[in-house]
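Construct the complete structure from the given sequences, taking the supplied hints into account.
2 protein chains.
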Amino acid sequence: MKNGSTLQLEIEKASTSKIDSVDFDNLVFGNIFTDHMMVCDYKNGEWRNPKVMPYGPLQLEPSARVFHYGQAVFEGMKAFKDDNGEVWLFRPQENFERLNKSSKRLAIPEFPTEVFFEGLEALLNLDREWIKQGFGNSLYIRPFVIATEAGVSASPAKEYKFLIICSPAKSYYSGEVRVVFAEKFSRAANGGVGFAKAAGNYGAQFYPTNLAKEEGFQQIIWTDANTHEYLEEAGTMNIFFRVGDKLLTAPTNDRILDGVTRKSVITLAEENDITVEVRRVSVKEIVDAAKKGDLKEIFGTGTAATINPVKGFGHDGEKFELEDQEDSYAQYFKTKLMEIQYNIAEDKFGWRYKVKK
Amino acid sequence: MKNGSTLQLEIEKASTSKIDSVDFDNLVFGNIFTDHMMVCDYKNGEWRNPKVMPYGPLQLEPSARVFHYGQAVFEGMKAFKDDNGEVWLFRPQENFERLNKSSKRLAIPEFPTEVFFEGLEALLNLDREWIKQGFGNSLYIRPFVIATEAGVSASPAKEYKFLIICSPAKSYYSGEVRVVFAEKFSRAANGGVGFAKAAGNYGAQFYPTNLAKEEGFQQIIWTDANTHEYLEEAGTMNIFFRVGDKLLTAPTNDRILDGVTRKSVITLAEENDITVEVRRVSVKEIVDAAKKGDLKEIFGTGTAATINPVKGFGHDGEKFELEDQEDSYAQYFKTKLMEIQYNIAEDKFGWRYKVKK
Ligand SMILES: Cc1ncc(COP(=O)(O)O)c(C=O)c1O
Ligand SMILES: Cc1ncc(COP(=O)(O)O)c(C=O)c1O
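Read top to bottom, the protein sequences are chains A and B. Numbering-wise (the working numbering), the first sequence opens with residue 4 and increments by one. Numbering-wise (the working numbering), the second sequence opens with residue 4 and increments by one.
If you're looking for bench data, these hints aren't it; they were derived computationally from the structure. No false leads were mixed into what you were given.
Because identical chains share one entry, a pair is satisfied inside a single copy or across any pair of copies.
Here are the simulated DMTMM-like pairs of lysine to aspartate or glutamate, each with C-alpha atoms no more than 25 angstroms apart in a straight line:
{"#": "1", "residue 1": "Lys161", "residue 2": "Asp26"}
{"#": "2", "residue 1": "Lys173", "residue 2": "Asp261"}
{"#": "3", "residue 1": "Lys104", "residue 2": "Glu186"}
{"#": "4", "residue 1": "Lys81", "residue 2": "Glu179"}
{"#": "5", "residue 1": "Lys216", "residue 2": "Glu186"}
{"#": "6", "residue 1": "Lys187", "residue 2": "Asp261"}
{"#": "7", "residue 1": "Lys107", "residue 2": "Asp319"}
{"#": "8", "residue 1": "Lys187", "residue 2": "Glu232"}
{"#": "9", "residue 1": "Lys187", "residue 2": "Asp257"}
{"#": "10", "residue 1": "Lys46", "residue 2": "Glu64"}
{"#": "11", "residue 1": "Lys173", "residue 2": "Glu152"}
{"#": "12", "residue 1": "Lys266", "residue 2": "Glu300"}
{"#": "13", "residue 1": "Lys161", "residue 2": "Glu113"}
{"#": "14", "residue 1": "Lys337", "residue 2": "Glu97"}
{"#": "15", "residue 1": "Lys104", "residue 2": "Glu117"}
{"#": "16", "residue 1": "Lys360", "residue 2": "Glu13"}
{"#": "17", "residue 1": "Lys161", "residue 2": "Glu64"}
{"#": "18", "residue 1": "Lys54", "residue 2": "Glu64"}
{"#": "19", "residue 1": "Lys322", "residue 2": "Glu186"}
{"#": "20", "residue 1": "Lys216", "residue 2": "Glu152"}
Predicted, not measured: the structure shown is a model, and the values here were computed from it.
Structure follows, in structure tokens:
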């Protein structure tokens, strides 16, 4: 993998830290970044000169491809600190592989594994103080790749920048979440880029989500673009429905992001004899179940929110509220996952990854 | 519209020009930019401080929304210089309105008309020397808007930058163009952002286009994402089919860009008693027509290429070649359009817009 010295990690420490100016009790998600970042450039057909360096602005040509053609992908992962001060990642290999899957679909060159993990760990070690102990505290990690080549012709860039930036986090959502099932707008096409964490997938959701907000819904559950009859996923979360004691969730396909939290919840459910049906979930059956009182819970799964319970939903002008469940699956999975993430519970499935000091 | 002095255009001239270093006979499309650019920032709920200034790099936070969520739209237009040295735009109001239509869909604040035209004209006048006389020479103009606000939360930015950059151009495509009809991948979903010039629409096409290139096709003609049975548009061009003496082109919808060149061609055709059927065009009818020898021409329409004749196409493993036509519609429309653009022919429809000196 190492090619001459071009993949040798360089480390430049920040001369000062801004950590003392940060109010860790009142963090807004994704607003404050740590003292360092990782960068690596792609040029002349290869990734070269990975570097962990002081966090700071980027300089790009106004014609850089990322501004014009959205050639950009990202990932979202978290680091957790246990009571002994050890730092843990959760299934990071999954995120790394998904980044490259996204890159491939966006015609971005794939990034080398070793450089990713070596840089990420060096970065986390430099910014270790930013990862606070305590259940719920974490460091949100954002790897991303952007096309930097100058020139406005609609073709893949020949130059890219890979970065990792980190932001201390409490929890993503505040307040109660109600969702509306999409009836007109869509998130992704068959044969499109919905399965990729491509930048353009997100900006495209803002306008419909604004409209939903005006109706009192914080999020949209996207349906298939053809018929709007099947429930797929939310903007940054996969979605589970609990009907009676069964869990339902859509299968992944080329429109749906294959979430790490989703697949972990499926594993945990199976381990605990909760039936999970991974199959197309129709709007009709969920509305019918809600009317009959069989719909017990809806929750979203994603790295930022872990598990996000949904309080109610809207469809076709009707609004439905969900009752709080004493034996909430959402709460159960959230605790289970967090206990693994914070090195409290046993790690049966080998999901934890210790960041070497 | 002028709000205090915040929408007063400021002009800062470049101290030197790079024009003498440019080889105008050997331009690569979109690679070289003129001495100036227009910029305007959106902050605290308003566009403010429009400025024409020396062309130069942008500084952005690594967490700027455009890098992560593809909140970015653009336009493409051209300026032409006639034999008297007057500079002309072609239907610029259409591009301006489409920019705002794209912005709206991407939850980007719309840009004020007067500021757009005042800034654009000031920019073109400063860089007037860059617009060369002669049929085929032009200045490609790229207005675009990017979300600049720092912070990785998946919600619309509150800060944006509007820019116009300009690049001297000859013609976009060199060489012969063959296309393949999409059978698996798609460009846009119903209820998605296909009708907008959203950055993410373009990066999403690069990978499938690379695969097409490996099969000997330079471009893809996208089909509807549901069935792949209907022909929609190409990556940066709308598409016309000439069957016998009739022209066929897909109607615009929420998946297809409403091209300025397309609508101009439809108008010119009608004026010249060429029948245009604006309706769904099936893959089957085009393949059948090709087999029967009725398919005379395929051509793309777009600002960059004007009219781009297609030499052949592929579908389902079969390849079809088109014969050159003596009475080529593509050639006819190209000449007609260019004569209007270069102020050679009468401007019956009021399409030309003179840039005031
Ligand atoms: C569209 C989408 N769906 C689902 C998810 C959840 O995926 P994960 O559990 O891997 O964070 C995310 C966020 O990462 C997302 O962006
Ligand atoms: C997707 C797409 N279709 C069609 C066109 C042609 O539109 P116009 O004729 O306005 O340039 C373009 C380019 O602007 C485009 O990007």
